[in-house]
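Respectively, the protein sequence lines represent chains A and B.
Just so we're aligned, residue 1 is where the first sequence starts under this note's numbering, counting upward by one.
Just so we're aligned, residue 1001 is where the second sequence starts under this note's numbering, counting upward by one.
To be clear, the hints were calculated from the coordinates, so they are not data collected in a lab.
Please note that the accuracy of each hint is not assured.
Said to hold, decoys possible - Distance condition first, Cα-Cα at most 30 Å in a straight line; then the derived BS3-like pairs of lysine-lysine:
1. Lys1134(B) with Lys1034(B)
2. Lys1034(B) with Lys165(A)
3. Lys165(A) with Lys1040(B)
4. Lys72(A) with Lys168(A)
5. Lys1134(B) with Lys72(A)
6. Lys168(A) with Lys1102(B)
7. Lys1044(B) with Lys1034(B)
8. Lys168(A) with Lys105(A)
9. Lys1044(B) with Lys1065(B)
10. Lys1134(B) with Lys105(A)
11. Lys1040(B) with Lys1080(B)
12. Lys317(A) with Lys1102(B)
13. Lys1126(B) with Lys1080(B)
14. Lys1102(B) with Lys165(A)
15. Lys105(A) with Lys1102(B)
16. Lys1040(B) with Lys105(A)
17. Lys385(A) with Lys313(A)
18. Lys1034(B) with Lys1080(B)
19. Lys1034(B) with Lys317(A)
Said to hold, decoys possible - Covered stretches of chain A (chain B as the covering partner; in silico rule of three or more C-beta atoms under 8 Å from a C-beta of chain B):
20. 68 to 78
21. 109 to 119
22. 377 to 385
Stated by the list, open to error - Chain A side only, calculated, beta carbon under 8 Å to chain B, not exhaustive:
23. Asn42
24. Gln43
25. Asn64
26. Ala97
27. Lys101
28. Ser103
29. Asp104
30. Glu122
31. Pro128
32. Ser129
33. Trp132
34. Glu192
35. Asn274
36. Gly316
37. Gln353
38. Ser394
Cβ atoms here follow ideal geometry from the backbone N, Cα and C, with glycine treated the same way.
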Amino acid sequence: MKRILVSAMALALGAIPATAQSLEDLNIQIHGYATQGFLYTNQNNMFTTPSSNGSPAWTEAVVNVTAQPAPKLRVGVQARYYLLGNFGNAIILDWAAADYKASDKFGVRVGKVKIPSGLLNETQDIDPSYTWALLPQGNYPITSRNSALADYGGVVYGTLSLGQKMGKLEYRGWGGEFAIPSDDGYWVAFREEGIALTNGINGVSSGTALHWKTPVSGLMVGASYSRTNKSSGAFNDTYVVPAGPSKGITITTPGALVLNGGNEPDFFGRFEKNRLMIAGEWSRSDGSLMLQGLSPVPNGYDVRPWYGMATYKVTGKLTAGVYDTQEVNHQSALGPARYFKDWVVSGRYDFNQFLYAKAEQHLIDGTSTGFDTALNPNGLKPNTKLTVLKMGVSF
Amino acid sequence: MKKLIYAFLIAASASIFIVQVKAQVIVIANNSVKASEVSKNDLKDVFTGASTSLGGGSVVPILLKSGTANEEFLQAYIGKNDTAYRAGWRSLVFSGQATMPKSLDGDTAVVEFVAHNAGAIGYISKATPHEGVKVLAVR
Chain A
1 MKRILVSAMA
11 LALGAIPATA
21 QSLEDLNIQI
31 HGYATQGFLY
41 TNQNNMFTTP
51 SSNGSPAWTE
61 AVVNVTAQPA
71 PKLRVGVQAR
81 YYLLGNFGNA
91 IILDWAAADY
101 KASDKFGVRV
111 GKVKIPSGLL
121 NETQDIDPSY
131 TWALLPQGNY
141 PITSRNSALA
151 DYGGVVYGTL
161 SLGQKMGKLE
171 YRGWGGEFAI
181 PSDDGYWVAF
191 REEGIALTNG
201 INGVSSGTAL
211 HWKTPVSGLM
221 VGASYSRTNK
231 SSGAFNDTYV
241 VPAGPSKGIT
251 ITTPGALVLN
261 GGNEPDFFGR
271 FEKNRLMIAG
281 EWSRSDGSLM
291 LQGLSPVPNG
301 YDVRPWYGMA
311 TYKVTGKLTA
321 GVYDTQEVNH
331 QSALGPARYF
341 KDWVVSGRYD
351 FNQFLYAKAE
361 QHLIDGTSTG
371 FDTALNPNGL
381 KPNTKLTVLK
391 MGVSF
Chain B
1001 MKKLIYAFLI
1011 AASASIFIVQ
1021 VKAQVIVIAN
1031 NSVKASEVSK
1041 NDLKDVFTGA
1051 STSLGGGSVV
1061 PILLKSGTAN
1071 EEFLQAYIGK
1081 NDTAYRAGWR
1091 SLVFSGQATM
1101 PKSLDGDTAV
1111 VEFVAHNAGA
1121 IGYISKATPH
1131 EGVKVLAVR
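Take the sequences, apply the hints, and build the full model.
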């Protein structure tokens, strides 16, 4: 309810001066895009799809409405239909915000706002904006994307000139309430153990980011730091007795999942020159969680994903790319479930400014991201070759 | 040796062509815009949504929908073709960071709009009559 109120307030803030203006003056714009993906793996099923048989269960459609009731004020809302395997299949609110930009040096955005952490978080769900069909999954896991994308709160932002010899510094600061819904990919492993969150988890998050546009033309380096405070949510643990006189009896145990505070430092850089783009990012996410009611022992995690990527515009319509990404959870037991390594070659063809197609080949080693056991009942094999095809249209 | 000479001549012709192409597009602004010249970097910032000010005042970029002047401007000052350029703007629009700039049908429409809207800044081919607007020199 609080979230609906925040979003409604953000929209109402913009609507007040809008009432006295014509639609032309408001500069109302409607944009959107839709994508359809196809996944095929040589073994192991990925992203809760039957990908080893080939799966088209990856569809997105986005509609965005914005208005500019005053030169420095923008309001907007974006809705999304999202389906990936067993995830989504619902319309969600991407963001709904009012944005007041006093000058290049200072602006503020309130409502449900995108979290500007890392190099690509703000745009990780905007398929038309990048070459890849799948971003590096260690840093930007698609199965738990929605919870990482936006907060109910605000962002302050601006750009400071450091003089002609030092370039420019862009800053972002944010804070608000994060929400990880009960059906988020974050909880896949828990659900498979019979632990189902009642309403997901909400909590307080904050962070800051700096992007330094260096005097070297096309080179940006940056860092961000995100923090989530301690939060908790109720769950029910369901256990079916497998053998003995009580075989088949279901035992349900209520409890509370406690996420202790987590930190995420992130360092990144990007270089663009003519047809070439090179980028890299490293981050670390560490913390712990407890299953109160089931176990007094906290489960720790210390995940350190990174990637290096390059794209080259071969022609005006064709872009080729390659990236290598690795993620290791230093708190996990040794074995393929501890890591995820992926070599990727990709191509994107823009038929025109509205229609595009992507093709991508992944050579994956490890199973820490993107795999579930429910759709892989015979166990996971350590290596997977994944082919992704995607079509998109935007306006 | 002949091949080398031919290659050099082709490269030289191409570079002359590029210089001429650059000179065929001019940047125009509403008379309320204080600046009389603009650096290539600042121009790129304004037309990619990174900045909304120039010479201490607010500016609003106006685009051409298509055409030679559009392609020439984007190649010369933004370093992208039309598809890549608009993909960059869509990234800002869909992440809630900006509103897509107005795109107008032709040079005359751009001149008309820029002349009558404070802070507007656009680009047209040099041959288009442009009374009522100021021309910004690109450094």
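Once the shortest beta carbon distance from Ala97(A) to chain B is found, is it less than 8 Å? holds, 5 Å
Next pair to validate is Lys1134(B) with Lys105(A); report whether the Cα-Cα distance is within 30 Å. With Cα atoms ~26 Å apart, Lys1134(B) and Lys105(A) stay inside 30 Å; holds.
How about Asp104(A): closest beta carbon in chain B under 8 Å, or not? At about 5 Å, which falls below the 8 Å cut-off, the nearest Cβ of chain B leaves the hint on Asp104(A) intact, so it holds.
Given Gln353(A) was flagged as interface, is its beta-carbon under 8 Å from a beta-carbon of chain B? holds, 5 Å
Regarding the pair Lys1040(B) and Lys105(A), is the alpha-carbon distance no greater than 30 Å? holds, 20 Å
CA of Lys1044(B) to CA of Lys1065(B), is that 30 Å or under? The hint holds at about 18 Å.
Between the alpha carbons of Lys1102(B) and Lys165(A), is the straight-line distance 30 Å or under? violated, 33 Å
Hint status (Cβ of Pro128(A) to nearest Cβ of chain B, threshold 8 Å): For Pro128(A), the interface hint holds, since the closest Cβ of chain B sits about 5 Å away, which is under 8 Å.
Quickly compare the C-alpha distance for Lys1034(B) and Lys165(A) to 30 Å and report which way the hint goes. holds, 24 Å
Tell me if the straight-line CA distance from Lys1134(B) to Lys72(A) falls inside 30 Å. holds, 24 Å
Next pair to validate is Lys1040(B) with Lys1080(B); report whether the Cα-Cα distance is within 30 Å. holds, 14 Å
Are the Cα atoms of Lys385(A) and Lys313(A) separated by 30 Å or less? holds, 25 Å
Violated hints, in rising order: 14, 19, 22, 23, 24, 33 and 34; the structure is consistent with all others.
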